[in-house]
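Undergrad: Chain by chain, the residues:
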Amino acid sequence: MNYPNKHKEIVTSLMDGRFITVNEKLFDVINEQENRTFYTAFFEKSFGFELKGTHEFYYLISDETKENTSREISIFFSIFCYELDKDGKNFLDELNYSEFSIEEITEYFKNSSWSDVIDASKQLKDGESIRKLINSTMLKRNIVTKSINGKYAFTKAYKLFIDYARDLIKEDNQEKNK
Amino acid sequence: MIKSEPRSILQFLATHFDLLRELFDIQTSNEVITLSQVDNTLKNHESEVKTQLLEYKLLVPQNDDFIINEPYFVLFEFILQQFKPLLPEEIEKFGQSIRNLFGKIKENNLDDINHLLARIEALSKEINKFRTAVTNNTISLLNESRELKANTQKIDYQQKVHQARNWIENYIKPLNSILDVNHSQSIFNELLEISKYSNKKRFDNSIETLRTQFEKLYSLLRQVIADINKQSIILSNELLPLIERIKTESEYLKGFHNYLTNGNCWKKYEPPHIFTTTRDNLYNPFIYENTKNYFEQFKNEEDVIIVEEISEDKHWFFERSVYKSKLESNLPVDDFFAWCEKSLKEEKDDFSFDNYFMITSLMFDEDFNIETLQEKITIKTKQGELIMPKLKIEKKEYELSK
Numbered sequence: 001m002n003y004p005n006k007h008k009e010i011v012t013s014l015m016d017g018r019f020i021t022v023n024e025k026l027f028d029v030i031n032e033q034e035n036r037t038f039y040t041a042f043f044e045k046s047f048g049f050e051l052k053g054t055h056e057f058y059y060l061i062s063d064e065t066k067e068n069t070s071r072e073i074s075i076f077f078s079i080f081c082y083e084l085d086k087d088g089k090n091f092l093d094e095l096n097y098s099e100f101s102i103e104e105i106t107e108y109f110k111n112s113s114w115s116d117v118i119d120a121s122k123q124l125k126d127g128e129s130i131r132k133l134i135n136s137t138m139l140k141r142n143i144v145t146k147s148i149n150g151k152y153a154f155t156k157a158y159k160l161f162i163d164y165a166r167d168l169i170k171e172d173n174q175e176k177n178k
Numbered sequence: 001m002i003k004s005e006p007r008s009i010l011q012f013l014a015t016h017f018d019l020l021r022e023l024f025d026i027q028t029s030n031e032v033i034t035l036s037q038v039d040n041t042l043k044n045h046e047s048e049v050k051t052q053l054l055e056y057k058l059l060v061p062q063n064d065d066f067i068i069n070e071p072y073f074v075l076f077e078f079i080l081q082q083f084k085p086l087l088p089e090e091i092e093k094f095g096q097s098i099r100n101l102f103g104k105i106k107e108n109n110l111d112d113i114n115h116l117l118a119r120i121e122a123l124s125k126e127i128n129k130f131r132t133a134v135t136n137n138t139i140s141l142l143n144e145s146r147e148l149k150a151n152t153q154k155i156d157y158q159q160k161v162h163q164a165r166n167w168i169e170n171y172i173k174p175l176n177s178i179l180d181v182n183h184s185q186s187i188f189n190e191l192l193e194i195s196k197y198s199n200k201k202r203f204d205n206s207i208e209t210l211r212t213q214f215e216k217l218y219s220l221l222r223q224v225i226a227d228i229n230k231q232s233i234i235l236s237n238e239l240l241p242l243i244e245r246i247k248t249e250s251e252y253l254k255g256f257h258n259y260l261t262n263g264n265c266w267k268k269y270e271p272p273h274i275f276t277t278t279r280d281n282l283y284n285p286f287i288y289e290n291t292k293n294y295f296e297q298f299k300n301e302e303d304v305i306i307v308e309e310i311s312e313d314k315h316w317f318f319e320r321s322v323y324k325s326k327l328e329s330n331l332p333v334d335d336f337f338a339w340c341e342k343s344l345k346e347e348k349d350d351f352s353f354d355n356y357f358m359i360t361s362l363m364f365d366e367d368f369n370i371e372t373l374q375e376k377i378t379i380k381t382k383q384g385e386l387i388m389p390k391l392k393i394e395k396k397e398y399e400l401s402k
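These protein sequence lines map, in sequence, to chains A and B.
FYI, in our numbering the residues of the first sequence are 1 to 178.
FYI, in our numbering the residues of the second sequence are 1 to 402.
Just so you know, these hints were derived from the structure itself, not from any lab.
Each residue gets a CB set at the ideal place from its N, CA and C atoms; glycine is no exception.
Take the hints with a grain of salt, since some may be wrong.
[Stated by the list, open to error] Computed cross-link-like contacts, BS3-like style, restricted to lysine-lysine with a CA-CA straight-line distance of at most 30 angstroms: (1) B:173 x B:201; (2) B:342 x A:170; (3) B:129 x A:125; (4) A:86 x B:254; (5) B:247 x A:8; (6) A:8 x A:66; (7) B:268 x B:342; (8) B:376 x A:170; (9) B:268 x A:170.
[Stated by the list, open to error] If you anchor each label on the Cβ, the simulated ranges turn out as follows: (10) A:65 x B:154: 31 to 37 angstroms; (11) A:101 x B:263: 28 to 34 angstroms; (12) B:152 x A:40: 37 to 43 angstroms.
[Claimed, not checked] Sample of chain A residues at the chain B side, in silico, Cβ under 10 angstroms: (13) 15; (14) 18; (15) 28; (16) 65; (17) 66; (18) 71; (19) 94; (20) 115; (21) 139; (22) 166.
Next comes chain B alone, as it looks inside the complex (with noise of 0.2 angstroms):
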């Protein structure tokens, strides 16, 4: 059991992702780590992470030595491209229980139907496998002969050839029997024959949920499929004419190789400088530049907020009938322009002249008499000041005669 959160171990991975990649390497040469190799690797990255090391599981003892666990070396091979070619033997392991699991589900035994279903998993589990080994395989193989091409090792031809032909007879041509469709004994073979069961049976067996499992196992092996047919093609166009490969060398294809490999070309090497070109003026050799200005002149200017003046004169009518009810009310007013002043500022404190005089209108209203005294008063407003003579006003009376 692992007592640690899955969170901290990947955090983990990631932060001594060099120091785990160091161990890897140590591991792929020798099989094992051992302990002074374990204590000079931490010592070289300046580490005491030992104990989880250990606590993670990520390292388990072998006698006195070290291995890293299983689970996590398959996950360093497939984070890194980096697989050990597989044998023959440790691929073809895969073609027997495919072959024995397909026989069995062949026999059609409908008592039981979970263990019908739990085989046809197991198969799609296998046939899965299977297809990872082979591409991985082919991907060890393609970067051994690729690394033979472009001869990083500096061997003389001689021993290019050796070791090509080591590669070829060993592991590439068994490789390429057991994807070969012409062999009636090929895992390939066995595949199409799955393939071409599980097809028949997704429609015409008679109870669903294993019509729906041969469904999956079907769609699983179209893709399977497909993905081994692009692995043979590498085999026969690039692998198996390796030897014929091998015979021209250049510092070229040497460059190439090590642009190509491992993601150089998009993560270590700048590309040669070429010229930016300006952009293409359609329609007037200035546009560019015209555009560019246009847009610029407001690149830096301030946000301008328009706040509305409000005028308070606006809002303010003059309700006429209101004034004059109120003035009626009053009467006599003994000075008509000082009650204006009044009446006005008891609405609006601060009255221009514009409004003081729609008030004074109402003196020439019919209703009303109107006396001049010889006095004179001065109105106040925001505006300036206004000399007014002192006007009586009383209620006109009208006679009965009339």
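With the rest of the complex left out, here is chain A (with noise of 0.2 angstroms):
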């Protein structure tokens, strides 16, 4: 049998947690419709992980979720664009083609008048517990990649994040229309 170009990549990338994104060759052949349909039988029958993909990128997810890890995660994408809301920016234009230092990320958050929701955060509750959020479980993940300069670019994984704190009105509106 053969098996898709940059297979055990694929695999070794999408089993240790990471979002494969648009700008990445490895999006090119999971996206390709045949090995789509390749790697969503493969990882269900294998191990009983479900693929879930958009247009921009694909991740893996089993019935354990990391669950703190993701809250931090989400609760940081809320704070961060309605920080950079505040500050006059298109926080979906600085997301998609900004560069950020630890330091322009850490200011955000020291200053923002979410400090009950911060201060009541593990991973984000000072500037080196951002700095970790960041630099480890997030560049791991490729929530972020970090450049040459040292700055911090964010993939197009930050949308499963800000599109869930967006749909649960959504949700919640639906819930009440029943």
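Assembling the complex is the task here: the two chains are given apart, and the hints tell you how they should meet.
TA: This is the structure we're talking about:
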């Protein structure tokens, strides 16, 4: 049987909890109709994992989830976007095209009025925790990439977390209308 | 007077919290709670606790209606973090009392120290009330402005601007002047003045109790000034530019607001699923599995209790001298092997061959004469039977000539 090109890299990457995003070669491989069908069945039959994909990123999910990490990342994006907007910036443009140093990001959190939420969060409560969240968790999962100048840019994986926050209202409304 | 036990009241608040929350919401929007509203709320919650509501003084009558008693109302405002924005006049009154008390303290009349101490204490109380009022008011204005920004009421842009202007003109700007460090008459500047004064007095006052009291006042002010500075930053960064800020509106911003408000991100919503990675294998690709297997092998193992077998043989020692003197005292003995059996049984009923032959070794002693008889005898032990000749044993008589 012939496996798709870069099979090992794709499997290792996804099994490491990485998001494979649109600007990567791996994305082009997995995004081919035939390969997508193959990997969906492959992960389902081999491990019982579900391959999720959009036109901008792919990732795996299992019955077990990293709930705390996911929550901290969701809170991170909610506050960060809110603060970018407060700073008069278009947060979608910023997430798509800008690079940020850790200091710039932590400054937004330091001056945020969502201090009650920030103080209650283990991974956002101070500069060092934020640095760890970005430089370790988010970098490893390919939610951010680090450039040669030490600044961070967001990959399209950010959309999972901001779309999630946006869609909660729709879900609430649907429940109310039931 | 409340005759009920305090714990019962607190227990009641916890048990009937939803009912009380509904009454709180009614009063927040209507200022009073009518009798029929009380009855309807009780009916909605299928509750018959009207007597307790009055007995615990949770509700107090106001003409024909009711209101939630002030201390409880403040408690609900605090735990729900739901404060009604205060008009500047309501905050300014703390400024007045702070100024008056500080003026009297500065007169520094040491003739009546107790009165001076009471004034310093009263000043501290007023400063604390002022801090609480400012903090609660900022929270309330922040909540209102966030609601407006997220446009939870779904109003059009013109209405939003109108609303924002109202908040800015009537609440935010006046609060900002109260906290404005550049405004010489602001309460914030008054606090800085008191801080400076108490800092000096905590060292140079001649009376120790006064020095201690000024020390406490100074310490309180350090914290209050830091807290108020924080509120002031929120005012200038987030509330004063409200009109500018409400220009942008999006589904996303509504989502973030909804997710972060009231701790929804912690309590209400489950975050998106992301993959749980397997452990990193630093030394060997199977280190995790191997370690797991290693520990699992002990998981269901029953406890092993080692009971040491107590061997009586180990504890029995042949004391030759004892047995020899015993034999000597019994001489002559017609059946030596039967004697050995009998003597051993007196000490150790369940003896072994080894024990037995240790005793029989006495026959080789030079002090005894042995005569072999024709008869045979049988000795029974736990290990088996021994058929032995019958031996007569007597003391050896030494010839004097030798």
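Undergrad: Determine for every hint whether it applies to the structure shown.
TA: Verification of the hints:
| no. | hint | result |
| --- | --- | --- |
| 1 | B:173 x B:201 | 34 angstroms, violated |
| 2 | B:342 x A:170 | 101 angstroms, violated |
| 3 | B:129 x A:125 | 28 angstroms, holds |
| 4 | A:86 x B:254 | 14 angstroms, holds |
| 5 | B:247 x A:8 | 49 angstroms, violated |
| 6 | A:8 x A:66 | 24 angstroms, holds |
| 7 | B:268 x B:342 | 89 angstroms, violated |
| 8 | B:376 x A:170 | 109 angstroms, violated |
| 9 | B:268 x A:170 | 15 angstroms, holds |
| 10 | A:65 x B:154: 31 to 37 angstroms | 34 angstroms, holds |
| 11 | A:101 x B:263: 28 to 34 angstroms | 30 angstroms, holds |
| 12 | B:152 x A:40: 37 to 43 angstroms | 39 angstroms, holds |
| 13 | 15 | 7 angstroms, holds |
| 14 | 18 | 9 angstroms, holds |
| 15 | 28 | 21 angstroms, violated |
| 16 | 65 | 4 angstroms, holds |
| 17 | 66 | 5 angstroms, holds |
| 18 | 71 | 4 angstroms, holds |
| 19 | 94 | 12 angstroms, violated |
| 20 | 115 | 8 angstroms, holds |
| 21 | 139 | 14 angstroms, violated |
| 22 | 166 | 4 angstroms, holds |
Violated hints, listed in ascending order, are 1, 2, 5, 7, 8, 15, 19, 21; each of the other numbered hints is respected by the structure.
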